[in-house]
Amino acid sequence: MLVGIGVSRYTPASMDDLYRDYILEHYRRPHNFGVIEDADASYEGANPLCGDRITLMLGVKDGIVDRVGFTGRGCAISQASASLLTDEIKGKPLSAVSAFRADDLLDLLGIEISPARLKCAMLSHDSLQHVLSDLGAADPTNTTPSPAEAGA
Amino acid sequence: MINGHKLVYLDSASSSQKPSAVIDAMDAYYREYNANVHRGIYTIGEKATAEYEKARARVARFINAPDSHEIVFTRNATEAINLVSYSWGRRNISRGDVIVLTEMEHHANLVPWQILVQEKDGDLEFIPITDDGILRLDVFEVLLRLKPKLVAFTHVSNTLGTINPVREMVEMAHAAGALVLIDGAQAVPHVPVDVQELGCDFYAFSGHKMLAPMGSGALWARRELLEAMPPFLAGGEMIREVHLRRSEFNEIPWKFEAGTPAVGDAIGLGVAAEYLQALGMDAVREHERDLVAYALEVLPREVPAIELYGPLDPDLRGGVIPFNLPGIHPHDVAQVLDRFGIAVRAGHHCTMPLHERLDLAATARASFNVYSTREDIDALAGGLMEVQKVFNV
Chain F
10 MLVGIGVSRY TPASMDDLYR DYILEHYRRP HNFGVIEDAD ASYEGANPLC GDRITLMLGV
70 KDGIVDRVGF TGRGCAISQA SASLLTDEIK GKPLSAVSAF RADDLLDLLG IEISPARLKC
130 AMLSHDSLQH VLSDLGAADP TNTTPSPAEA GA
Chain C
1069 MINGHKLVYL DSASSSQKPS AVIDAMDAYY REYNANVHRG IYTIGEKATA EYEKARARVA
1129 RFINAPDSHE IVFTRNATEA INLVSYSWGR RNISRGDVIV LTEMEHHANL VPWQILVQEK
1189 DGDLEFIPIT DDGILRLDVF EVLLRLKPKL VAFTHVSNTL GTINPVREMV EMAHAAGALV
1249 LIDGAQAVPH VPVDVQELGC DFYAFSGHKM LAPMGSGALW ARRELLEAMP PFLAGGEMIR
1309 EVHLRRSEFN EIPWKFEAGT PAVGDAIGLG VAAEYLQALG MDAVREHERD LVAYALEVLP
1369 REVPAIELYG PLDPDLRGGV IPFNLPGIHP HDVAQVLDRF GIAVRAGHHC TMPLHERLDL
1429 AATARASFNV YSTREDIDAL AGGLMEVQKV FNV
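Read top to bottom, the protein sequences are chains F and C.
When you read off a place in the first sequence, starting at 1, and then add 9, the result is the number in the numbering used here.
When you read off a place in the second sequence, starting at 1, and then add 1068, the result is the number in the numbering used here.
Some hints here could point you the wrong way.
[Said to hold, decoys possible] Here are the in silico distance ranges between beta carbons for each label pair:
hint : chain 1 : residue 1 : chain 2 : residue 2 : range
1    : C       : E1100     : F       : D113      : 55 to 61 Å
2    : F       : E97       : C       : E1454     : 29 to 35 Å
3    : C       : L1347     : F       : S155      : 40 to 46 Å
Don't read these hints as lab results, they were simulated from the structure.
For each residue, glycine too, the CB sits at the ideal point set by N, CA and C.
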């Protein structure tokens, strides 16, 4: 019986683990969803494999992320991930936001992500790196993991 | 067994499973007469060459090509289309020339032409579709007044399943002086293909969707076209005489088969073609028509919320059923179905412009092949009810 091909945190989990209530709750009613006026930086990230798109927007005041919003559509994993990420970075200094790593986001999600879904989970993190780069606050060592992709 | 359930494989439009006859034939090549082709003056080299060329003859027979030398082995339909766009296209398309495509093309029959017309300063025009995925031939008629050099379109849509009226469209295109290339990747596994009856000029297809190995495929083109076309890839095999500063090229089809070919894969493709012919492509088509009709009846009845796309008439549709469950992203649908061993595709299926046209971010897609059954569709309906439970919709 096939139980999965991955190792460590990317091992496919059972479905009940993946679609936990709080994940579905973030999917149905995402936090920080919507456009923010006069954003200091924004970036539209897309997952070309599945058509997921999110636009992440940040407002910065005195080095603090004081406003954050996102729009777009996608699967439960990508939407919950963006919801959790925006909650996490709101009110934090840019230095702390740029130190927020992919693994931290996976910990926040708290579910096991299979290689095929990693791209969904990481869409918001990847968009954040682009936004930070526009703000001159990116940490170049903070990269978003990308699994070997299946062909379209 | 997948996740404790018997595999229900509903992603055959992506790639088919392979019968033992195909696997055994490839195994026999590698175990018993593995050697390069068109070189060895020894028994297994001669046997490998004979089997490779026999595979070409089988493929020619499968699509009723008049001459097996008109079959060029490629890695897949994508490579076959690129061969035409690089070789024929770069010689025949120039500034202001028009190529007509459709809104339902797979990226494989879109991007090569984009690159060509950008390089040559030509133009692309697109035949639009109706909301249920039928090509607008009235608009095609108008586009033909632009005197396109080439019309290229899919025989069967990989996303909607639409079976296009190839013969009628070829007649229209030829009357306007255009050549016609057909992307047959989704047709050869499912409907009888007779290139002489279709009347087209180029026909490209992959092996791996028609029970043959990954990395096998072919281009058929009329002899005079192939003979006039310059080589695509250059190297060994494709030459007759090589001097330091110039070469003479080989005859067709070897002119287009530079380097050592995928001999085992070609042999597998030949056996798959024979296998399908033995089943009878009319019977294959009838089986899939039955599955489509069954799915179009059962899915909306058992899963009333389901949204189905594409032609509703099974006569106009190959074994492809794209769908969505409102409020649930197709990725999540596919993930939950996998829990029950049901494999479907989720995403844009390499037809992003078509999804844009239908205003869909993505779709889930169930697709069939000769081994698919009504039980598979029942399992899908049951799985979709479970998806709805997980998402509480």
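Quick check on a hinted range of 55 to 61 Å for C:E1100 and F:D113, using CB atoms only.
56 Å, holds
If I claimed the Cβ atoms of C:L1347 and F:S155 lie 40 to 46 Å apart, would that claim hold in this structure?
42 Å, holds
Given the hint of 29 to 35 Å, check if F:E97 and C:E1454 actually sit that far apart at their C-beta atoms.
32 Å, holds
The structure is consistent with each of the numbered hints, conforming to all of them.
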